[in-house]
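Asker: Chains as they are written, first to last, in full-length UniProt numbering: chain A, 1 to 335; chain B, 1 to 335.
Calculated from the structure, these hints are not laboratory results. Treat the hints loosely; a few may be bogus.
Identical chains share a label here; the pair holds if one copy fits it or two copies do between them.
In silico DSBU-like links for lysine-lysine, alpha-carbon gap of 35 Å or less [claimed, not checked]: (1) K75 x K201; (2) K22 x K88; (3) K75 x K29; (4) K75 x K22; (5) K88 x K201; (6) K29 x K255.
Since the structure is predicted, the reported quantities are computational estimates derived from the model, not experimental observations.
2 protein chains.
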Amino acid sequence: MTELRLNAITRDWVIIATERAKRPEEFAKPHRETVPMPCYSPTCPFCAGNEDFTELESYRLNDNRGWRVRAVYNKYPALFPVGEAIRKVAGINRSLSGVGFHEVIIEHPRHDLTIALMEIEDVANIIRVYRQRYAEIRHDPRIATIIIFKNHGQGAGTSLEHPHSQLAATPIVPYQLRIRLQEAIRYFDDTGECIFCRTIKDELASRERIIAESEHFVAFIPYAALSPFHTWIFPRRHTSCFDDITDTEIGDLAKILKTVLAKLYYGLNNPDYNYTIRSIPTAEERTDYFHWYIALIPRTTLAAGFELGSGMYINTALPEESASFLRAVEIPANG
Amino acid sequence: MTELRLNAITRDWVIIATERAKRPEEFAKPHRETVPMPCYSPTCPFCAGNEDFTELESYRLNDNRGWRVRAVYNKYPALFPVGEAIRKVAGINRSLSGVGFHEVIIEHPRHDLTIALMEIEDVANIIRVYRQRYAEIRHDPRIATIIIFKNHGQGAGTSLEHPHSQLAATPIVPYQLRIRLQEAIRYFDDTGECIFCRTIKDELASRERIIAESEHFVAFIPYAALSPFHTWIFPRRHTSCFDDITDTEIGDLAKILKTVLAKLYYGLNNPDYNYTIRSIPTAEERTDYFHWYIALIPRTTLAAGFELGSGMYINTALPEESASFLRAVEIPANG
Numbered sequence: 001m002t003e004l005r006l007n008a009i010t011r012d013w014v015i016i017a018t019e020r021a022k023r024p025e026e027f028a029k030p031h032r033e034t035v036p037m038p039c040y041s042p043t044c045p046f047c048a049g050n051e052d053f054t055e056l057e058s059y060r061l062n063d064n065r066g067w068r069v070r071a072v073y074n075k076y077p078a079l080f081p082v083g084e085a086i087r088k089v090a091g092i093n094r095s096l097s098g099v100g101f102h103e104v105i106i107e108h109p110r111h112d113l114t115i116a117l118m119e120i121e122d123v124a125n126i127i128r129v130y131r132q133r134y135a136e137i138r139h140d141p142r143i144a145t146i147i148i149f150k151n152h153g154q155g156a157g158t159s160l161e162h163p164h165s166q167l168a169a170t171p172i173v174p175y176q177l178r179i180r181l182q183e184a185i186r187y188f189d190d191t192g193e194c195i196f197c198r199t200i201k202d203e204l205a206s207r208e209r210i211i212a213e214s215e216h217f218v219a220f221i222p223y224a225a226l227s228p229f230h231t232w233i234f235p236r237r238h239t240s241c242f243d244d245i246t247d248t249e250i251g252d253l254a255k256i257l258k259t260v261l262a263k264l265y266y267g268l269n270n271p272d273y274n275y276t277i278r279s280i281p282t283a284e285e286r287t288d289y290f291h292w293y294i295a296l297i298p299r300t301t302l303a304a305g306f307e308l309g310s311g312m313y314i315n316t317a318l319p320e321e322s323a324s325f326l327r328a329v330e331i332p333a334n335g
Numbered sequence: 001m002t003e004l005r006l007n008a009i010t011r012d013w014v015i016i017a018t019e020r021a022k023r024p025e026e027f028a029k030p031h032r033e034t035v036p037m038p039c040y041s042p043t044c045p046f047c048a049g050n051e052d053f054t055e056l057e058s059y060r061l062n063d064n065r066g067w068r069v070r071a072v073y074n075k076y077p078a079l080f081p082v083g084e085a086i087r088k089v090a091g092i093n094r095s096l097s098g099v100g101f102h103e104v105i106i107e108h109p110r111h112d113l114t115i116a117l118m119e120i121e122d123v124a125n126i127i128r129v130y131r132q133r134y135a136e137i138r139h140d141p142r143i144a145t146i147i148i149f150k151n152h153g154q155g156a157g158t159s160l161e162h163p164h165s166q167l168a169a170t171p172i173v174p175y176q177l178r179i180r181l182q183e184a185i186r187y188f189d190d191t192g193e194c195i196f197c198r199t200i201k202d203e204l205a206s207r208e209r210i211i212a213e214s215e216h217f218v219a220f221i222p223y224a225a226l227s228p229f230h231t232w233i234f235p236r237r238h239t240s241c242f243d244d245i246t247d248t249e250i251g252d253l254a255k256i257l258k259t260v261l262a263k264l265y266y267g268l269n270n271p272d273y274n275y276t277i278r279s280i281p282t283a284e285e286r287t288d289y290f291h292w293y294i295a296l297i298p299r300t301t302l303a304a305g306f307e308l309g310s311g312m313y314i315n316t317a318l319p320e321e322s323a324s325f326l327r328a329v330e331i332p333a334n335g
């Protein structure tokens with residue numbers, strides 16, 4: 001038998017293959033002989049020394065060794081920071097000019113690193129640049145929503161191996177976010193509490209799905225994880241807007257993000273993954289009902305007709321087993 | 001510049017890469033030397049002669065040559081047709097036993113066929129079996145929604161090459177469907193018309209995005225197609241429930257479905273695709289606001305962090321160009 005579980009935050013039903021679930025290690029990426037990556041690639045636009053290959057730089061974080069993280073315009077942007085967002089209405093059709101921001105955040109001068117293997121301070125620098133660009137772009141009146149995301153590996157949609165993330169700032173609020181806000185409001189009106197805060201309390205009480213925790217953050221597999229090793233990292237403090245993160249919290253988030261990604265790296269052999277920072281629309285700042293967070297999705301399975309046709313998911317891993325497996329993964333001292 | 005378009009039916013915003021759009025033929029699957037498939041494979045559980053390899057058969061459509069289409073239980077079901085759907089509530093967590101149906105529809109006795117290359121009558125037989133199983137399962141009081149879908153090719157999530165579709169009948173209404181119903185109701189209340197009927201009228205008037213049309217169906221690329229060559233096939237007659245399809249309409253749907261799939265096969269070199277039949281929850285039968293239809297998604301691109309983090313899509317093909325390209329694809333006389 002299987003079990004359907006309702007994800008209270010996304011409202012998606014997930015079919016969890018309880019009895020037939022695969023063992024966690026079966027989701028590891030197959031080992032392949034690969035040529036080690038060089039620390040510098042002469043043709044890579046993101047490598048230190050090749051700064052001229054990139055588009056306009058919007059921000060640079062330096063230390064005494066030179067730049068550590070750079071934000072640059074995307075060479076093939078989906079959105080352009082020029083002009084006004086002009087709306088057109090024709091019958092039931094609605095369109096809007098593609099105004100917005102689409103930037104690349106180059107995470108490190110070196111070509112061959114990945115967050116799982118970086119120093120904590122390097123990871124903190126990446127998050128600092130996320131916050132910096134988020135805070136700057138947020139005040140552009142044309143922008144409604146900012147999405148920070150990372151595609152790691154070909155199976156997660158990237159073709160460039162140099163470590164990088166992206167930021168997309170859209171002139172509309174995506175429908176998916178609208179719906180989640182509505183559901184969070186409904187829960188708040190019903191109970192007087194934030195559903196994200198409730199989830200943290202419940203997960204910390206049961207401990208079954210916790211992967212790691214720190215002073216300011218909790219990383220866990222959701223009760224109704226949409227796919228194997230789907231992970232959420234929630235700030236303990238109730239805060240709706242990502243750029244509200246403090247310096248202290250950035251240091252702490254760097255630690256837990258690196259820990260979770262290193263556990264995936266060592267436990268599942270460097271799987272492809274996406275992560276995304278989910279935050280409130282830019283026009284809002286503080287709400288009682290919404291909580292920013294990081295969603296991390298290892299790409300161990302492929303959405304097929306059932307998922308596309310229903311919006312439901314089939315998860316062949318048991319969330320409690322996945323969490324227990326990741327808790328036990330040890331990160332080498334030099335890792 | 002790009003353009004954001006709102007899909008009025010799904011309510012998703014899509015970023016259409018208008019200027020930088022790829023040419024339609026760039027989405028073709030790369031040509032590879034492949035060994036032709038045999039018409040019979042001794043190890044294939046779906047081949048004629050190997051009927052004993054499958055699980056319980058729920059339906060068989062015969063003619064004087066033997067069976068033409070079989071519906072069988074899935075060997076690795078996500079849902080099981082036994083017992084009651086028991087609900088559990090614990091704090092904010094909700095679960096339900098995995099009661100339902102998960103069947104495979106073996107589309108043809110031969111191993112090496114695909115709908116694009118079948119006789120019209122063979123395609124009609126497949127749709128007859130869809131309707132048959134839909135109609136039978138719909139009356140099971142434990143079932144709330146039936147999803148019929150097909151995964152064609154590895155990139156669309158199938159590992160078995162013998163032509164087959166699937167049916168999943170769930171004990172809940174997926175949230176995605178709930179939301180679409182709500183939006184369809186809102187449009188109906190606002191205008192007194194079905195948004196699907198409105199869309200057909202608009203598409204037939206503009207003709208820009210039409211791929212093919214027949215007496216009872218219209219195939220077109222949506223104005224805000226979520227991905228390249230994303231196609232909808234709508235019945236012209238307003239009808240909410242798939243099993244309301246008539247015998248005449250089945251013959252006509254077989255023709256247009258084969259036409260569209262053959263245009264993809266010849267125009268884009270047999271791309272991987274999913275299709276799904278979207279129908280009303282089983283408890284309802286006739287509504288003024290909802291219209292069943294087929295959604296077809298060629299898997300030419302991969303959803304990455306932006307899509308996962310926003311629910312929005314970036315479509316690098318211009319819907320009008322994709323439709324124009326497919327209209328022009330000629331199907332060989334023996335194809």
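Asker: Going through the numbered hints above, which ones does this structure break? Give me the numbers in ascending order.
Answerer: The structure conflicts with hint 1 only, although it agrees with all the remaining ones.
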